[in-house]
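Here are the chains, one letter per residue:
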Amino acid sequence: LSFDQLVWVFLKASLLSSGGLQSLPLLREDLVDGRGVLTDGDFATAVAIGRITPGPNGLFVLSIGYYAGGLAGVLAAVIGIMAPPLLAIGLVRAHRRLAGRPWVVGATRGITATAVGLLAAIGYAFTVPLLGHPASVAIVLISLVVLIRFKADPLPVLMGGGLAGLVLYALGVPLAEGR
Amino acid sequence: VIWGYRLNGVLGALSALVGITLPASLITVALTLGFAELTGNPFGAAIVSGAVPVTAALTFALALEQAREIMPWSEVRTTVLMAAWAVASVVLVTALHASVALVIVAGVLLGAAVFAPPREGA
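These protein sequence lines map, in sequence, to chains A and B. First residue of the first sequence: -13, per the numbering used here; consecutive thereafter. First residue of the second sequence: 58, per the numbering used here; consecutive thereafter.
By construction, these hints were calculated from the structure, which means they are not laboratory data. Values in this document were obtained by computation on a predicted structure and should not be read as measured data. A virtual CB, placed ideally from N, CA and C, is assigned to each residue, including glycine. Don't take each hint at face value.
Far from chain A by the CB rule (all over 10 Å, computed), these chain B residues [stated by the list, open to error]:
(1) Glu94
(2) Trp130
(3) Ser131
(4) Val133
(5) Arg134
Lysine to aspartate or glutamate pairs mimicking EDC-like chemistry, simulated, CA-CA at most 20 Å apart [as the list claims (entries may be wrong)]:
(6) A/Lys(-2) - A/Asp19
(7) A/Lys137 - B/Glu126
(8) A/Lys137 - B/Glu122
Residues on chain B that point at chain A, a partial pick, calculated with CB under 7 Å [stated by the list, open to error]:
(9) Val86
(10) Leu88
(11) Ile104
(12) Ser106
(13) Leu115
(14) Phe117
(15) Ala120
(16) Gln123
(17) Thr151
(18) Val157
(19) Ala158
(20) Pro174
Full structure from sequences and hints, please.
Structure (structure tokens):
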């Protein structure tokens, strides 16, 4: 994948999403499904790093950039995510004028409902490669309960997962490979 | 970034963008390099293979959390329709391999047409 192709991939994902993890499904479509540049394991690792790091969640794209093209990939990701917020300035005025219109509220709801569905689809894509390994599936289910039921922060849960990985490795229980 | 613009125009927007992203970006890149190093030895690989399933759970949890936040619970019909569309978009992308960009555009159009709040007093 050439540098300008990578910039385009990140720019497209950033333009069509409104921050956080919303660009994830678009990036995954281009880099995993489309060209096979990355694996779902790379993606999951990048998301984990993005959540460990302080600052906006959207920065996981830098990890994805690194996996896709080394430091040049990081640069491509930076360009891709920096451009749309600057364009957004023009939209602020338009939005101020239009914010109350029912169809604008409806369209915004349409975007957010789609984002929920696409996030769930990513969760599904991350889970599929784990299905052959009961211990990995157990970690998914246990963390899901901890996150939802007890509203735990992502970082300690991620660390718990890492610790579980070590313990299971010591016990000889097979887990799906991270990458 | 938008706040930066409101406070200090284009320059404010730019400095907000750099201020927010630069330090965290450097840490992200450093951690990514560290992770690549980590997966090279069996213990590091074990940690990563334990953390990766958590990421799947995080993604599901985030989807649920967002769903709870965005639903206009007082408008029952719209809430049901939005939930149905969210489920439909999962099926479209995973089972039917529809283009993600197309699904997003369809969501916007569908939303403008069907998810709008009722007019006040109606």
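Next item on the list: List in ascending order the numbers of the hints, as given earlier, that are violated by the structure.
Entry: none
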